[in-house]
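Q: Going line by line, the protein sequences match chains A and B. The first sequence: position 11 = 11 (this note's numbering), numbered continuously. The second sequence: position 293 = 1293 (this note's numbering), numbered continuously.
Because the hints were derived from the structure by calculation, they are not lab data. In this text, a Cβ means the ideal position worked out from N, Cα and C, and glycines have one as well. Warning: the hint list may mix true and false statements.
Derived DSBU-like pairs (lysine-lysine); straight-line CA-CA distance at most 35 Å [unchecked claim]:
(1) B:1044 <-> A:82
(2) B:1164 <-> A:82
(3) B:1044 <-> B:1342
(4) A:82 <-> B:1126
(5) B:1006 <-> B:1342
These stretches of chain B come out as covered by chain A in the derived footprint (C-beta under 8 Å, 3 or more residues) [what the hints assert, rightly or not]:
(6) 1144-1157
(7) 1351-1364
Residues per chain are reported as follows:
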Amino acid sequence: MLSEQDIVEVIVTHLRERLPPDTAIGPQSTIMGDLGLDSLAVMNFVMWLEENFDISVPMDRLIEVETVADLARVLHSLGAQKAS
Amino acid sequence: MSILDKFAGIQHAHDALTALGIDPLAVEFDAMTSPCEGVIDGRKVLILGSNNYLGLTYDPAVIDRGVDALRAFGSGTTGSRIANGTYRGHKELELRLAGFFGRRHAMIFSTGYQANLATISTLAGKDDTILIDADSHASIYDACRMGNAQVIRFRHNDPADLAKRLKRLDGQPGEKLIVIEGIYSMLGDRAPVAEIAAVTRAAGATLLADEAHSFGVLGRNGRGAAEEAGVERDVDFVVGTFSKSLGGIGGFCVSDVPGFDILRLVCRPYMFTASLPPAVVACTLAALERIATDPSLRQRLAANAERFYRGLEAAGFALGPQISPIVSVRLSDVSMAAQFWKALLEAGVYVNLALPPATPTSEPLLRTSVTAAHTSAQIDKALGVFADIGTRLGAIGT
Ligand SMILES: Cc1ncc(COP(=O)(O)O)c(C=O)c1O
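With the rest of the complex left out, here is chain A (with noise of 0.2 Å):
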């Protein structure tokens, strides 16, 4: 199992490789809003969490999120694994 901080990290890395160079990315940063990722775009980051932590999230998990702690919070209460 990874812990909160550990799918911090893989959530901050895989959207450093995707925005603009200048975005700034923490735990705190509003997954719409700061990042500005509008909902086909979330709908495909989650597939490749999903995909990467060998999970299925709920849909209506997805609606307590609003930020990069609050997403790394419901994948691991949702049993996170290690990428394969």
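Once you have looked at the hints, place chain B with the ligand on chain A.
A: Below, chain B with the ligand alone, put in the same frame as chain A:
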């Protein structure tokens, strides 16, 4: 401050379009002159943006049956079947649908949207899991929100991803309901029904297919994508609509599952809304008879679909992955798509402008659809108009 302030973002995006003189929502058909021609703003237009796949909206048998029922049974039922009674036509339509699909049970709804809401939200309960294709129609998403089951999305048309997700649920109690569509409405691509059925069966799950766009269109008898794939027995519930190939309005669900009729006592979108008006039921019965007895409608539709797809492809447009009656032109940006849409309308060709996030990718689409009623000359005329505008706007040939 207004209670509507939360929609400022959407209003703003819409205003930006209308400022360019582009407002798909303002299109009004002042008259219809055939299943695929109408009048907008005094201009005659060729319609390549409906779901009137078999062109049955003006079929004389359909109109006659509707008129007779209107006179005999009146304009509406004024209530729901559980509270205010079933009309003979409702029962007859259910019998005919069951017969058409070779199924034991059928149930009709007031729209296809409600058919999805009713079945999906009810079949899967609190301890169950629904697995839906990520590109599902809004009615499927809304059905999921209405029910109490856990909802998981799998990658669009990806049986391997579905299998992986089912495996993760191994050992978890509760039923698993898998939901797919026959043809997806935005790009016209069809589900790999055989592969998904195999994965479903292996997991002991239940499969529901929404054949909204494929009923009357695919399969030797028009029973849809499951018939075409030869796996009808593996689809536990088929949902569909009367608003597309049958040219009316209403929805249905057919199944062989024993005890099916209990759904009439538990599906709220069936119980708490008025039943279909007699004339609509009669038109639907006549249209169903037409598709059951006249395969030439499907053949003409398929030929038109192929002609239009191949023509646009040859002109250099980026299209959906498969030939189908839904032919979508993929464009790079919203402003190009909006200008293209407007230019088409000015040239007398009406299509659907589909903008993200309503589209499956971030690309805007000019969603078109052909019908069995289009002539080859009409298809060729539309191809010419598309090529001219595409060249002028730099969408092709750059
Ligand atoms: C896949 C799909 N399911 C259901 C519906 C709803 O059908 P209706 O318009 O009859 O309510 C539609 C279209 O609107 C659809 O595209």
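Q: Hint by hint, say whether it matches the structure.
A: Each hint, compared with the structure:
no., hint, in the structure
1, B:1044 <-> A:82, "violated (61 Å)"
2, B:1164 <-> A:82, "holds (17 Å)"
3, B:1044 <-> B:1342, "holds (15 Å)"
4, A:82 <-> B:1126, "holds (30 Å)"
5, B:1006 <-> B:1342, "holds (29 Å)"
6, 1144-1157, "holds (count 6)"
7, 1351-1364, "holds (count 4)"
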